[in-house]
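**Q** Taken in order, these protein sequences are the chains called R and S. When we follow numbering that gives the first Met the number 0, the leftmost residue of the first sequence carries the number 0, and every step to the right adds one. When we follow numbering that gives the first Met the number 0, the leftmost residue of the second sequence carries the number 0, and every step to the right adds one.
Keep in mind that the hints were calculated from the coordinates and are not lab data. Do not take every clue at face value.
To be verified - Simulated restraints on C-beta separations:
1) R:Glu38 - S:Gln168: 45 to 51 Å
2) R:Asp73 - S:Glu489: 40 to 46 Å
3) S:Arg226 - R:Gly159: 47 to 53 Å
4) S:Gln168 - R:Leu23: 26 to 32 Å
5) R:Gly159 - S:Gly560: 39 to 45 Å
6) S:Gly110 - R:Gly88: 42 to 48 Å
7) S:Glu489 - R:Arg9: 55 to 61 Å
In this text the structure is predicted, and so the values were computed from the model without any measurement. We put the beta carbon where it would ideally sit given N, CA and C, even for glycine.
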Amino acid sequence: MAPKDLSIERRTIAVLVDNEPGVLARVIGLFSGRGYNIESLTVSEVDPARRQSRITIITSGTPQILEQIKAQLDRLVPVHGVSDLSQKGPSVERELALVKVIGKGNKRVESLRIADIFRARVVDSGLEHFIFEMTGSTDKLNVFIDLMRPLGLVDVSRTGVVAISRGPTGLLS
Amino acid sequence: MPAKKMTGSQMVLKALSDQGVDVIFGYPGGAVLPIYDALHQQNALRHILVRHEQAAVHAAEGYARSTGKVGVVLVTSGPGATNAVTGLTDALMDSIPVVCLTGQVPTHLIGNDAFQEADTTGITRPCTKHNYLVKSIEDLPRVMHEAFYVARTGRPGPVVVDLPKDVLQAKGDAYFGPDQVKHSSYRPRTKPDPKAIEKAIEMIAKAKRPIIYSGGGVINSGDKASRLLTRFTRTLGAPCTSTLMGLGAYPASDPQFLGMLGMHGTYEANLAMYNCDVMINVGARFDDRVTGRLDEFSPNSTKIHIDIDPSSINKNVMVDLPIVGDVSAVLDALLKAWTKGEHSLSQRALKEWWKAIEAWRGRDCLSFRSVDSVIKPQHAIKRLYELTKDRETFISTEVGQHQMWAAQYYKFEKPRHWMTSGGLGTMGYGLPAAYGAQVAHPDALVIDIAGEASIMMNIQELSTVMQYGLPVKVFIINNQWMGMVRQWQELLHGGRYSQSYTASLPDFVKLAEAFGALGLRASKPAELDDLIMEMIDSPRPVVFDCQVDQTENCFPMIPSGAAHYEMLLGPDDKAVKPVSEEGMVLV
Chain R
0 MAPKDLSIER
10 RTIAVLVDNE
20 PGVLARVIGL
30 FSGRGYNIES
40 LTVSEVDPAR
50 RQSRITIITS
60 GTPQILEQIK
70 AQLDRLVPVH
80 GVSDLSQKGP
90 SVERELALVK
100 VIGKGNKRVE
110 SLRIADIFRA
120 RVVDSGLEHF
130 IFEMTGSTDK
140 LNVFIDLMRP
150 LGLVDVSRTG
160 VVAISRGPTG
170 LLS
Chain S
0 MPAKKMTGSQ
10 MVLKALSDQG
20 VDVIFGYPGG
30 AVLPIYDALH
40 QQNALRHILV
50 RHEQAAVHAA
60 EGYARSTGKV
70 GVVLVTSGPG
80 ATNAVTGLTD
90 ALMDSIPVVC
100 LTGQVPTHLI
110 GNDAFQEADT
120 TGITRPCTKH
130 NYLVKSIEDL
140 PRVMHEAFYV
150 ARTGRPGPVV
160 VDLPKDVLQA
170 KGDAYFGPDQ
180 VKHSSYRPRT
190 KPDPKAIEKA
200 IEMIAKAKRP
210 IIYSGGGVIN
220 SGDKASRLLT
230 RFTRTLGAPC
240 TSTLMGLGAY
250 PASDPQFLGM
260 LGMHGTYEAN
270 LAMYNCDVMI
280 NVGARFDDRV
290 TGRLDEFSPN
300 STKIHIDIDP
310 SSINKNVMVD
320 LPIVGDVSAV
330 LDALLKAWTK
340 GEHSLSQRAL
350 KEWWKAIEAW
360 RGRDCLSFRS
370 VDSVIKPQHA
380 IKRLYELTKD
390 RETFISTEVG
400 QHQMWAAQYY
410 KFEKPRHWMT
420 SGGLGTMGYG
430 LPAAYGAQVA
440 HPDALVIDIA
450 GEASIMMNIQ
460 ELSTVMQYGL
470 PVKVFIINNQ
480 WMGMVRQWQE
490 LLHGGRYSQS
500 YTASLPDFVK
510 LAEAFGALGL
520 RASKPAELDD
530 LIMEMIDSPR
540 PVVFDCQVDQ
550 TENCFPMIPS
560 GAAHYEMLLG
570 PDDKAVKPVS
580 EEGMVLV
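Excised from the complex, chain R in its bound form (with noise of 0.2 Å):
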């Protein structure tokens, strides 16, 4: 018997789905009722002709597991295919985030310039407040939102992770 590897890595898997009712119930059902863990799921029809939805899914676990969850959820019915993007190759992995940010005087030009850096955009100002829209790494938004939290953090809203297998090859390929 092969031994058991018992590291635990993180993988992003990409699942494209019938856009039906209740399919992301037979998702999330299948991690919780599993023992898995989902740190960011993230969902959307790409294809409204073919009604197909595409979910991105960040997960950890030991090798053993991390098979597991994708031989399960290729087996659910409305599933087309399952990829394993950290497997697969280089990928492209983007989160967005809307920061809201309150303050006056210094903080309120200090937050602008760390904006600037992180070349987040404004989406929203008013004399007391900015919204900040940003794009990239989960890395680089927790870094920024760390770095708005002392100066009037209000409210983040996140996407969590989505992410596409670089190169010429789609999903089901």
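Once you've looked at the hints, dock chain S against the given chain R.
**A** Structure of chain S alone, referenced to chain R:
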């Protein structure tokens, strides 16, 4: 010419008949009245009125297990659906193809906490292979046919179709048959990868101590799979053991058969698993009842795992070679490659291996001491086997000691003649499963080997068997205890028998009579055979109260958390070490 308009209910019945369904097990209620009305106006479909919706699903399981066809259930919304949940979970765990139609409140009331409303698709999502809520009559024919396709293909399982009442009453003209439905995403792999077959042959050819470990997947794959398993085993000359769910796939009387393996499996099967060098798992899933302690499970073997469900691979036990595919297709490919390559195993090594196995077999682990004063439960099942083996006999069981004794002492020669709740371990399974099989095989002898505690969980179903004149025999191994619970309390909890004794049991003979069945009672070994014969010869449903030794435990046994070689062979056999804390936690 435009197609004739049909109501949703008529479409449901048309779809059932197009799927080859001839019988459904159900119970009416408000939300499914339109279907019952349509049923009343036709003769093609037979409806068996159960007494509890859980039993409807178990009956459909018994029907499916004994025929290889999809079992069909019809229940109403709310409590009808929630009562079916245990049966659905049972079918999911044991991979039994069932389509369960549930009524639902009309679509405009969904979410309003209407009378007899339950979120059926929400509740049954984790206990079905797939489920559907049909919101429009246009979707109905497709969903009905997809449901059957999903239930029976790949690893079979239960599928729920939730049918709101307004959809059943709506009229539509868009009915179409099964041949026009192709599922867009669900296409399970059945043909094995040729490279995996090649690799498997290489691995098997080197084996000195091979073993075939077969499971319920062989039965699900069809009778051809059982024939191929037998041929494959005989071609190799290797020993074959089986899980609880796989019994009957390989003939039990064959000398190459080692009996069942696992917690209450035979000594020879478990030691052969522990000591083998190449293990060929055919349609089994390395269940915890089979493996015992995982880190000591067959530590020195190369493992090949044949399974149609990729998620079964490497779930509990890491294997060296997975072969994803249908058991029939895989065994066929393996046999062809083996014969074509003119392979054979080392006969010298095989002889040594069988010598070891015969020594383990020599321990005669299923022996027990019969006495004249009281019926030993093992003896009762042995006699039942001897007196019924020459007939076409189907056996179902409830769950507990009697179930394990039935698996140990009743020898199954053919697939599909054994129905038991393996994965979920559902008390109350046996009686409905038995009459489900009896409906499919009206002339066969169908016996539910029961315990007196389990049978009480669906005892109302005696009324169903009476209504349809189904001559099911309920053979109760009555020791007045929840035997398996008592056995664990004895072994693991210092003999503190908390709530496992059943006071106030009914008089089963009078109970049978109250339902209109024949009641028989045996309490002495001397009268057992005659009474069993009376049961078999009766054309009526029979409840047989077989009063047995109350203290008997089920052996051999691998204590929980122990390894295959740490088996207890009998009551005098002391465990090598006390059950560990880890073991105590396991069920």
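**Q** Hints first: check each against the structure and report whether it holds.
**A** Status of each hint after checking the structure:
With their beta carbons about 47 Å apart, R:Glu38 and S:Gln168 fall inside the hinted range of 45 to 51 Å. Between R:Asp73 and S:Glu489 the C-beta distance comes to about 44 Å, which sits within the given range of 40 to 46 Å. Restraint check, S:Arg226 to R:Gly159: a C-beta distance of roughly 52 Å satisfies the suggested window 47 to 53 Å. Between S:Gln168 and R:Leu23 the Cβ separation comes to about 31 Å, which falls inside the hinted range of 26 to 32 Å.
Taken as a hint, the range 39 to 45 Å holds for the pair R:Gly159 and S:Gly560, whose Cβ atoms sit roughly 41 Å apart. For S:Gly110 and R:Gly88, the Cβ-Cβ distance of about 45 Å falls inside the hinted range of 42 to 48 Å, so the restraint holds. Between S:Glu489 and R:Arg9 the CB atoms are about 47 Å apart, so this pair departs from the stated range of 55 to 61 Å.
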